[in-house]
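A.B. asks: What follows is each chain in one-letter form.
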Amino acid sequence: MKRYLLFLGILVLALVIGREALRHRAPKVYTTTSGRIEMCLACHEEKPEKAHAREVVGCSPCHLGDPLRIDRQLAHRGIIKNPADLRVVEKTCGQPACHPGYPERVKKSLMATNRGIIDTLRRYWGEVPAHAPAKRPGETVRELMLSGETSLALDYFRKLCGTCHLWLEKGKYPGFLGEKGGGCVACHLVPGEKAKKHPVLTRRIPVENCTRCHNRSGRIGLTYQGLYEDEGYGAPLVEGEFGAETLEDGRFVDLIPPDLHYKAGLTCADCHLPEETMGDGKEYVHFEESVEVTCETCHGGQGLTRKGRRHPKVVEKEGRLVLKDNAGKEHPLKAPDPVKCRHEVHRRLSCQACHAPRVPQCFGCHVRRDPRETQLDKLAGRETAGAWEEFRSYMRYETPTLGVKGDEVLIIVPG
Amino acid sequence: MSYRLRPWVSWGLAASFLLAVVSGLLASYPFHEAFPLISTVGIETVLPFGSFLRAFHFYTGQLTFLLLVWHLVEALLNHAERRRPLWRWSLLVSTFPLVTLALFTGYIVRGDQTGLAAGQIAEHLALRLPLIGLVLNRLLFAVAEEGVHRAFMAHIYLSVGVLVISGLWHFRLRAVRLEDLAVWATLAAAVSLVLPVSLEAPSFETLIKGPWFFLGIQELLRHLPPWLAGLVFPSIPVLSLVFFRLAPRGLALVLVLWTGTYVILTALGALR
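Quick note, the sequences are listed as chains A and B, same order.
Take 1 as the starting number for the first sequence in the numbering used here and just add one per residue.
Take 1 as the starting number for the second sequence in the numbering used here and just add one per residue.
Check each hint, because a few of them may be wrong.
Only some residues are given here: those of chain A computed to face chain B with a beta carbon under 10 Å [stated by the list, open to error]:
#1 L5
#2 L11
#3 V12
#4 L15
#5 K28
#6 T31
#7 G35
#8 D71
#9 R72
#10 V88
#11 G101
#12 E104
#13 R105
#14 K108
#15 G116
None of these hints come from the bench; they were simulated from the model.
We put the beta carbon where it would ideally sit given N, CA and C, even for glycine.
Generate coordinates for the entire structure from the input sequences, incorporating the hints supplied.
C.D. replies: The following block contains the structure:
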């Protein structure tokens, strides 16, 4: 017995010594500027941008894990690659010391719920009666992800629309789809320098980030930049090559005159308020309920939005109002033409009725579902029966039709 | 019914306690109580063999506590209280709350999330004690104003105090056998190799779980006023042990019921 015990003791001792010999030890206890321990810094060399500097923030407040350990397995327990994912965001970006309140707002925003898309689809496809309330329980992206509920319209949504929302896990799907979603970083992330090994988080949201999703239906993101999704084929050919540019998803685009604001250097987020994009805490169903900024906010409206909120970027400079964009450039606000815009006969005209002389339009949109095939359900992350295919008759870049909504004359664009 | 104490439990208790005190003294050398968490992380990640030393100290301490409970139950079954005058028996019984307190202050001194919370709860409970609460808090805790200095000193003094009571007097300075030391050291070392000791970074989590043996009281604090949950309830087993001789059957029932309740409360607390 004694001999066995001796053998066991020596074995355990050898294991203790052996493990210590193989162990990677840190040269010191790493702390952030506030004195918080961050042993992650002993191994990780990533350098995020200044606002999230490694010396100040460290790694664990965002990526969780265990900052008190250096053993890979222990230190990485509970770690998350994308802290901005809406499933964990209350513990990371939205924690009390950083950006409190945002997760709750963002989760109610249209970019997270897609309520408008779902309601419109189901209503137009006759799945809900005309008098049904627009806000119905169970009809948000997250709820559909959890419930698995489906119908013809919901199946279409799941398969063709299911990657344009904030609940999508970043990198879940291959190719350009992998760039979409990811919660906060769907908008706030731009590639960083390779040497810094960490992407950059920014408040200056580039147009490209918005266009990752806002490029279909109204195609606002494309048109704003001066891109027109043409009929395809890259025709006419130029010097034997396709004459048009292609988007990441392979669609052909032609160059058209970009929006004046784009030419002036303004991005989407220069005009659109955080309350519109990240939500104001209310759960809207449709875009027109959520959007605040109008042309008049800057042009004749003294910087006030439709909901009476002062545009945060409109400031007074030397006695006149200017819009200070994200890059710091100042744009003096131009008042509407007192004759053309304020004339009594133009009273009912929306700004777009005159200032959007040509817009891209997609005619003859129809879809086909083949029940024999399968297609990826982007909300469930698996192939299910029924494959959708979209068709259109033709694209046109021409004068839009005018229509009346309420008392206002608007442009009507098939998309 | 006669019952004999198992020698291996008694020797195991003595060996584990000695190992816990010696490893604790070794671990205290690189520990600076002014920077408790930084020190603990330093021992864990920078000091060669540090994580092993810390785990070894932790598990020998846990073994001491568990074997002491076992030893106490055996002593009651053996009617040990009848063979000693009340003051001697009371002194022996006092080793149980003292070891628990030494174990508890050990959690406080590491300065992590659990330790900080445990210290603050203990401080608030101590202050609820009439008359001696303030003095007791100044002696053992005072973590809110002074950090873990007092808890660290209490951890060492309590351990040494119990070593004196049990080793010099109760154990009559008998030498702990080398093979006992080796067996229990091997057991603690083997566990230390497999199970790392917890260390939690301060966070914004609102649910913080205290040391495992404190979970029952923590759970009871949710339902009862602090003086009842934190003072009266834990005093029941100590007083029952001290006055066991007065009504052995009745107090044995009290102890069994108390233990059953505490196990349920601990399970409820752990499942939160």
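A.B. asks: All the hints need checking, so say for each whether the structure fits it.
C.D. replies: Hint check results:
1. L5: holds, 6 Å
2. L11: holds, 9 Å
3. V12: Interface hint status for A/V12: holds (5 Å vs cutoff 10 Å).
4. L15: holds, 6 Å
5. K28: With Cβ-Cβ at 6 Å, under 10 Å, it holds.
6. T31: holds, 7 Å
7. G35: holds, 8 Å
8. D71: Given a least distance of 8 Å, the restraint on A/D71 holds.
9. R72: Check failed: Cβ of A/R72 comes no nearer than 12 Å to chain B, outside 10 Å.
10. V88: Hint on A/V88: violated, closest Cβ of chain B at ~13 Å, above 10 Å.
11. G101: Interface hint status for A/G101: violated (14 Å vs cutoff 10 Å).
12. E104: violated, 15 Å
13. R105: This hint is violated: A/R105 lies away from chain B, its Cβ roughly 19 Å from the closest one there, beyond 10 Å.
14. K108: At 22 Å from the nearest chain B Cβ, A/K108 fails the 10 Å test, so the hint is violated.
15. G116: Because about 34 Å separates A/G116 from the closest Cβ in chain B, which is outside the 10 Å limit, the hint is violated.
Checked against the numbered hints above, the structure violates hints 9, 10, 11, 12, 13, 14, 15; every other hint is satisfied.
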